[in-house]
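Please model the entire structure based on the sequences and the hints provided.
Letter by letter, the sequence shown follows residues 47 to 333 of the numbering used here.
Keep in mind that the hints were calculated from the coordinates and are not lab data.
All values reported here derive from a predicted model rather than from experimental measurement.
Some hints here could point you the wrong way.
Said to hold, decoys possible - In silico lysine to any residue, SDA-like type, Cα no more than 25 Å apart, as pairs:
(1) 99 to 249
(2) 114 to 264
(3) 306 to 319
(4) 281 to 264
(5) 281 to 218
(6) 114 to 286
(7) 327 to 204
(8) 154 to 113
(9) 157 to 64
(10) 70 to 316
(11) 157 to 141
(12) 309 to 253
(13) 64 to 324
(14) 157 to 218
(15) 281 to 267
(16) 308 to 159
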Amino acid sequence: MQNIVVFGASGQLGQCLKKVAALKGITSIFFLPESEANILDADLLNQIFERYKPTHVINCAAYTAVDKAEDDIDLARKINKTGAENLAIQCKAYGAALVQVSTDFVFKGDKPNPLVEDDIAEPISIYGLTKLEGEQDVAAILPAHYIIRTSWLYSEFANNFVKTMLKLGAERDELKIIADQVGTPTYGIDLAGAILDIITSGTDNYGIYHYSNEGVTSWYDFAKGIFDISNTQVKTNPIRTSEYPTRAARPAFSVMDKSKIKKTFGISIPYWRDSLIVCIKALESVQ
Numbered sequence: 047m048q049n050i051v052v053f054g055a056s057g058q059l060g061q062c063l064k065k066v067a068a069l070k071g072i073t074s075i076f077f078l079p080e081s082e083a084n085i086l087d088a089d090l091l092n093q094i095f096e097r098y099k100p101t102h103v104i105n106c107a108a109y110t111a112v113d114k115a116e117d118d119i120d121l122a123r124k125i126n127k128t129g130a131e132n133l134a135i136q137c138k139a140y141g142a143a144l145v146q147v148s149t150d151f152v153f154k155g156d157k158p159n160p161l162v163e164d165d166i167a168e169p170i171s172i173y174g175l176t177k178l179e180g181e182q183d184v185a186a187i188l189p190a191h192y193i194i195r196t197s198w199l200y201s202e203f204a205n206n207f208v209k210t211m212l213k214l215g216a217e218r219d220e221l222k223i224i225a226d227q228v229g230t231p232t233y234g235i236d237l238a239g240a241i242l243d244i245i246t247s248g249t250d251n252y253g254i255y256h257y258s259n260e261g262v263t264s265w266y267d268f269a270k271g272i273f274d275i276s277n278t279q280v281k282t283n284p285i286r287t288s289e290y291p292t293r294a295a296r297p298a299f300s301v302m303d304k305s306k307i308k309k310t311f312g313i314s315i316p317y318w319r320d321s322l323i324v325c326i327k328a329l330e331s332v333q
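This is the structure in structure tokens:
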């Protein structure tokens with residue numbers, strides 16, 4: 047009998063996991079928001095593990111304000127590194143496996159080929175660095191780990207690029223969108239399904255895995271897709287990264303190779319635009 051505990055459950059991926067778990071009929075899963083389960087409180091974590099005795103833990107808690115992290119280094123490192131370390135220690139003590147969600151930001155993004163799991167990680171931002179440190183701590187402490195790197199996460203929940211574009215597209219006549227950062231969007235519902243499929247697969251093929259939707263796009267083309275599918279009439283102009291400076295640097299190319307996760311777990315991954323259609327329909331249904 048598997049007992050799954052989700053930390054950071056009030057965030058975007060946590061809410062996606064809740065929706066998918068219900069659809070899959072998974073009942074032995076417990077969703078703990080940050081307000082009830084601070085991953086920096088070791089004593090509280092011990093009480094939580096003693097209460098739930100999980101076989102699997104999913105860590106969705108993270109400091110994800112990419113630009114703010116450049117000036118808020120200590121807090122970003124506490125949440126992304128120390129918090130992950132704390133969960134790994136507890137998982138080891140209780141014999142649980144840990145799913146640590148990570149990011150394409152661990153890569154520099156200067157190579158033209160899709161990134162595989164053993165490519166050298168060279169983060170160019172504090173966010174990416176602290177997420178990589180979290181990966182390294184988890185791997186060093188706990189053999190029973192799944193580190194799942196994802197990219198450009200969006201869904202019908204929380205704040206994300208899709209919801210921001212729909213809002214701005216309805217408010218403005220013209221938008222400028224970066225066209226020289228290339229990657230792949232990830233629908234949170236698809237990622238949640240993959241995580242739960244891995245946990246319920248009955249295998250222990252631990253290690254690092256990449257997961258995003260299939261295909262390659264830029265932020266500009268992603269935005270154009272959002273507007274096309276939602277029938278939003280707004281003029282969209284492509285711009286270079288240099289025309290929109292941000293506090294933190296972003297990888298220019300962060301397309302990830304998903305061969306490993308597909309082969310190991312038999313996971314089928316949808317094309318990014320197909321999943322975007324599903325998400326926009328879900329958003330329209332609740333308006």
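- Task: Determine which of the earlier numbered hints do not hold for this structure and return their numbers in increasing order.
- Result: Result: hints 9, 11, 14 break, sorted rising.
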